Amino acid sequence: MKYLFNIIIVVLLSYVLISCSSNNKDSRNALLYWCSNNTDEIKFAKINTDEWNKNNPNDQVKYQPVPEGRSSEEIILAAVVGKTTPDIYSNMWQGDVEAYAQAGVLVALDTLKGFLDFLYERCDSVVIEEIKSLDGHIYQIPWKINPIMLIYNINFINDLELTSPPKIYSEFFDASKKFQKDFDGDGYIDRWFGYSEVEVTWWQRFFDFYPLYLAASGGAPLVKNNQVAFNNEYAIEVFSFLQEMYKKNYFSKEKLSARQDVFLAGVTATRFTGPWEIAHAEKFKPKGFEYEYTFMPVPDGHQGPVYTYGDPKNIVIFKTCKYPQSAWNYIKTMIDRESDLKLLEITNQLPRRKNLSSDTFFNDYFTNNPKMKIFADQSVYVKGTDASPVLKEIFDLISQQYEACVVYGEKTPEEAINDAADAVNLLFLE
Amino acid sequence: MKKFKSILFYTALTISALTFVYPFYWMVMASIAPENEIGNLTLIPTSLTLSSYSQMLDKIPIGGAFINSLIVASSITFGVLVFGSMIGYALSKLMFKGRNLIFYVIIFTMTLPFQITLIPQYIIMVKFGWIDTYWALIVPYLINALSIIMFRQYFKSIPDSLIDAARLDGCNELQIIFRILWPNSMPAIITIGIITFMASWNEVLWPLIVIREESLMTMPQLVTLFAVGGRAESQLGVKLASAVMLALPIVLAYLFFQKYFIQSMASAGIKE
Amino acid sequence: MINKKKILPYLLVSPYLVHFMLFVAFPVGFSIVLTFHKWNIISPMEFTGLNNYIRLFNDKTFIRSISNTLIFLVIHIPLQIIVALFLAEILNQKIKLRGAFRGAFFLPVIVSGVVVTILWQQLYGYDTGLLNRLLTGIGIGKIGWLTDPNIAMASIAVMATWKNVGLYIVLFLVGLQTVPTQYYEAADLEGANHLQKFFRITLPMINPTIFMVVILSTIGGFSLFIEPYIMTGGGPLNSTMSAVLYIYKQGFFYYHMGYAATLGLFFAFIILAVVMIQKKFIEKDH
Chain X
1 MKYLFNIIIV VLLSYVLISC SSNNKDSRNA LLYWCSNNTD EIKFAKINTD EWNKNNPNDQ
61 VKYQPVPEGR SSEEIILAAV VGKTTPDIYS NMWQGDVEAY AQAGVLVALD TLKGFLDFLY
121 ERCDSVVIEE IKSLDGHIYQ IPWKINPIML IYNINFINDL ELTSPPKIYS EFFDASKKFQ
181 KDFDGDGYID RWFGYSEVEV TWWQRFFDFY PLYLAASGGA PLVKNNQVAF NNEYAIEVFS
241 FLQEMYKKNY FSKEKLSARQ DVFLAGVTAT RFTGPWEIAH AEKFKPKGFE YEYTFMPVPD
301 GHQGPVYTYG DPKNIVIFKT CKYPQSAWNY IKTMIDRESD LKLLEITNQL PRRKNLSSDT
361 FFNDYFTNNP KMKIFADQSV YVKGTDASPV LKEIFDLISQ QYEACVVYGE KTPEEAINDA
421 ADAVNLLFLE
Chain A
1 MKKFKSILFY TALTISALTF VYPFYWMVMA SIAPENEIGN LTLIPTSLTL SSYSQMLDKI
61 PIGGAFINSL IVASSITFGV LVFGSMIGYA LSKLMFKGRN LIFYVIIFTM TLPFQITLIP
121 QYIIMVKFGW IDTYWALIVP YLINALSIIM FRQYFKSIPD SLIDAARLDG CNELQIIFRI
181 LWPNSMPAII TIGIITFMAS WNEVLWPLIV IREESLMTMP QLVTLFAVGG RAESQLGVKL
241 ASAVMLALPI VLAYLFFQKY FIQSMASAGI KE
Chain U
1 MINKKKILPY LLVSPYLVHF MLFVAFPVGF SIVLTFHKWN IISPMEFTGL NNYIRLFNDK
61 TFIRSISNTL IFLVIHIPLQ IIVALFLAEI LNQKIKLRGA FRGAFFLPVI VSGVVVTILW
121 QQLYGYDTGL LNRLLTGIGI GKIGWLTDPN IAMASIAVMA TWKNVGLYIV LFLVGLQTVP
181 TQYYEAADLE GANHLQKFFR ITLPMINPTI FMVVILSTIG GFSLFIEPYI MTGGGPLNST
241 MSAVLYIYKQ GFFYYHMGYA ATLGLFFAFI ILAVVMIQKK FIEKDH
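Those protein sequence lines, which keep their order, are chains X, A and U.
Heads up: the first sequence begins at 1 in this note's numbering, then just goes up one per residue.
Heads up: the second sequence begins at 1 in this note's numbering, then just goes up one per residue.
Heads up: the third sequence begins at 1 in this note's numbering, then just goes up one per residue.
By construction, these hints were calculated from the structure, which means they are not laboratory data.
Keep in mind that this is a model prediction, so the values were computed, not measured.
All C-beta atoms, glycine included, are put in the ideal place defined by N, C-alpha and C.
Check before you lean on any hint, since a few could be wrong.
[Claimed, not checked] Computed beta-carbon distance windows for the label pairs:
| hint | chain 1 | residue 1 | chain 2 | residue 2 | range |
| --- | --- | --- | --- | --- | --- |
| 1 | U | PHE281 | A | GLN153 | 19 to 27 Å |
| 2 | X | GLU282 | U | GLY49 | 56 to 64 Å |
| 3 | A | ALA165 | U | PRO78 | 48 to 56 Å |
| 4 | A | ASN40 | X | PHE361 | 48 to 56 Å |
| 5 | A | PRO61 | X | LYS46 | 17 to 25 Å |
| 6 | U | TYR183 | A | PRO61 | 54 to 62 Å |
| 7 | U | GLN182 | A | ALA12 | 23 to 31 Å |
| 8 | A | GLY229 | X | LYS132 | 28 to 36 Å |
| 9 | X | SER170 | A | PRO249 | 50 to 58 Å |
Whenever a hint applies, use it, and build me the whole structure from the sequences.
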């Protein structure tokens with residue numbers, strides 16, 4: 001038996017040796033900056049780092065696209081687990097920050113020199129309040145947003161003899177009713193006014209419930225200081241609205257994503273989506289296809305501006321960074337006015353800065369890209385996510401109730417919102 | 001009357017066979033049809049195009065994934081054959097203390113559902129730093145209980161005299177295994193080789209867990225993520241093209257070695 | 001020399017022992033430890049006593065996922081046996097092109113489940129899916145194969161049958177060939193018809209194969225993952241959420257490692273129990 005153990009130990013050791021030899025690379029001299037792996041953003045990162053490296057020979061920054069494949073959130077998590085995080089990461093979804101902050105892997109940026117001054121220069125107080133962590137520190141700097149709006153097919157709106165796309169729920173119902181059609185008379189609807197993924201995946205609610213909730217409530221939070229805040233009339237109104245859309249078959253309950261792009265194919269007249277749809281539509285749209293963006297629909301009698309969800313991606317510094325102050329100095333150059341213009345020009349994504357649409361510095365871009373101007377105007381009324389370490393689960397729990405109530409009509413909106421609130425409260429108790 | 005009956009019989013049989021083949025045919029046709037025709041496609045599209053394939057090649061590194069799959073599946077198959085025969089040999093032809101104990105442990109692990117070890121195995125991979133390496137894909141599969149048992153059974157049927165003769169000729173034990181037993185165990189090697197290769201080629205849950213970097217993904221994983229993710233930009237033909245690429249290597253191998261495939265998988269009674 | 005001979009067997013089996021320690025014994029032990037902890041891998045592990053177990057028994061989705069898996073088995077296994085036995089019976093006659101037919105039935109078996117799932121997702125599509133086009137063509141109307149919560153799991157079970165049945169046809173063919181032809185000849189003399197012969201002779205003779213098929217499909221069914229992962233994500237209304245998919249979701253989506261390990265452990269016991277019961281039945285029958 002003794003031999004046996006010796007053998008085991010020898011083989012075990014060799015396994016360990018193999019495993020150790022496989023992860024020793026990378027020189028640690030330059031700061032490592034992970035950008036997204038989107039082609040345009042890589043281009044942006046290259047221009048920025050080249051410029052910085054030219055001016056700062058002693059503080060070099062090396063950019064690297066996030067390893068492609070899975071969602072960047074998963075990759076970051078794998079890096080945190082494996083302690084291979086970069087120094088700087090520029091594509092952190094705001095909703096993930098709180099969990100990482102609590103795990104102690106992010107640098108509190110407000111402890112860095114010059115951070116707060118810069119932040120107040122860039123963002124208004126509402127945004128700053130939004131990105132503050134539960135412990136009062138700030139671990140992220142807002143970078144860019146892609147607001148969700150209503151895209152619509154201009155020809156269809158004209159066909160319906162409407163002067164403008166529907167703005168409130170009742171107009172939405174009317175237009176939907178007129179638009180719905182069964183072409184071949186087989187008893188099945190062949191075109192729908194709108195479409196939203198019915199999948200229960202938590203982030204699908206970024207494209208229906210969440211922006212509609214923000215629109216209806218004037219930008220109210222879902223949760224605040226580890227307490228449910230969404231059990232209110234607005235959430236119920238949104239659920240009722242969408243439930244009606246599905247019940248009347250104005251939205252298709254069937255999964256349409258498994259086939260061709262339904263909006264471009266003219267199967268639907270509208271869709272809730274972001275500015276990325278512009279590039280997609282320009283690439284795939286059929287001849288004569290015309291489209292435009294407008295605000296998210298709101299309940300009848302809604303007062304005030306129409307908010308929406310902005311899908312914010314922010315910049316963070318990981319604790320593995322040895323020179324956080326240098327990292328911050330680099331980040332500053334990445335998000336100054338000139339760079340923000342470059343971001344717009346290269347990636348067609350909006351920087352999250354105040355006065356974006358009124359600042360004449362950006363005028364030329366928006367004149368050349370009128371559809372982006374709509375998003376810039378919207379960007380004043382954009383919300384990100386609430387600070388909570390369990391935000392994904394909250395969205396998931398809401399999404400489960402959404403499916404049961406909105407899509408399948410098994411519960412009333414009141415019951416569904418209540419059940420979701422109860423479930424989320426249980427989560428906080430843990 | 002008899003002739004009529006036999007026509008009916010063959011028609012029914014052909015229809016049921018078509019049920020299994022036609023969907024694949026449809027998939028291939030849909031992948032070379034223009035995007036807007038897929039919704040109405042039944043037999044042949046009005047025109048053929050490779051645009052779905054060229055778009056797919058632009059979006060995902062399917063060639064690299066093919067190489068990854070090949071490396072992973074070959075290494076695993078090689079390891080399973082080598083280790084399986086070594087262990088199977090010791091268990092069938094050598095006497096040593098604890099032999100039966102090891103045999104029963106092997107049998108026991110075969111009954112152990114993988115669901116129980118999934119999470120801790122992932123954590124081991126994390127601790128070893130094997131996430132996003134070939135190690136994570138290969139090492140856990142190098143030893144396979146079923147193959148050990150199959151080798152053990154097969155070697156038992158080989159007469160001891162063969163081994164004793166080899167020993168007299170001065171062969172050492174490894175030489176006995178690979179020079180004497182292997183040439184005499186081709187059916188077992190083919191069976192184990194095919195089922196191991198197939199199983200690792202088609203494995204998808206484990207790669208989904210341990211590989212995040214696209215350049216290291218295996219084919220089924222890449223195609224799965226492509227199918228569920230947004231990168232196909234809702235283009236149906238592109239998704240189907242990736243599925244065709246995934247099916248192609250195995251189907252080609254199957255066409256040539258159909259008999260071996262069927263025999264091997266039937267004798268092991270496993271799927272995938 | 002004697003010494004060397006003594007070590008040798010251990011050297012040969014050492015890879016197995018290492019593998020067993022690393023990938024079986026340690027994981028099982030660690031898994032049990034994990035079930036008493038809360039751990040999201042990025043923060044330190046936190047001891048939570050029996051919390052995970054309490055949560056498990058109150059987790060409606062997990063209970064649903066187990067009953068879904070059982071529903072899958074209840075549809076899949078009988079269907080599989082009937083179709084496989086029927087086609088095997090036909091192939092066992094003296095027919096032309098037997099190899100080609102067998103090869104056709106076997107084709108889906110060798111293709112990756114990923115391919116089959118992507119393909120069937122299209123066939124099951126609501127408006128332009130091939131099946132619904134066929135059904136509307138003959139006046140039946142459209143069916144929400146993957147979107148009707150009462151049907152979706154059955155649709156997946158049918159697909160799984162289509163994928164695996166070729167293997168079981170071959171297994172049954174082997175079984176059928178073991179039935180001595182004298183039995184049939186004797187039955188012919190007594191004037192038995194096809195059906196009588198099938199139920200009186202064939203079925204009892206191939207009982208062992210049937211049980212093998214039951215066990216194999218049970219184990220396969222308990223690992224149902226990629227089909228719902230690609231096709232439905234577990235929906236609609238969690239009706240296709242399989243236990244493995246749920247464990248995957250808890251573990252690798254929310255990173256509830258302790259809870260996922262608890263689910264895995266508990267589910268493994270269920271699998272072992274079901275397979276044991278099935279084995280009991282087999283032994284009793286023989």
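**Asked** Where does the structure disagree with the numbered hints, that is, which hint numbers, in rising order?
**Response** Failing hints: none at all.
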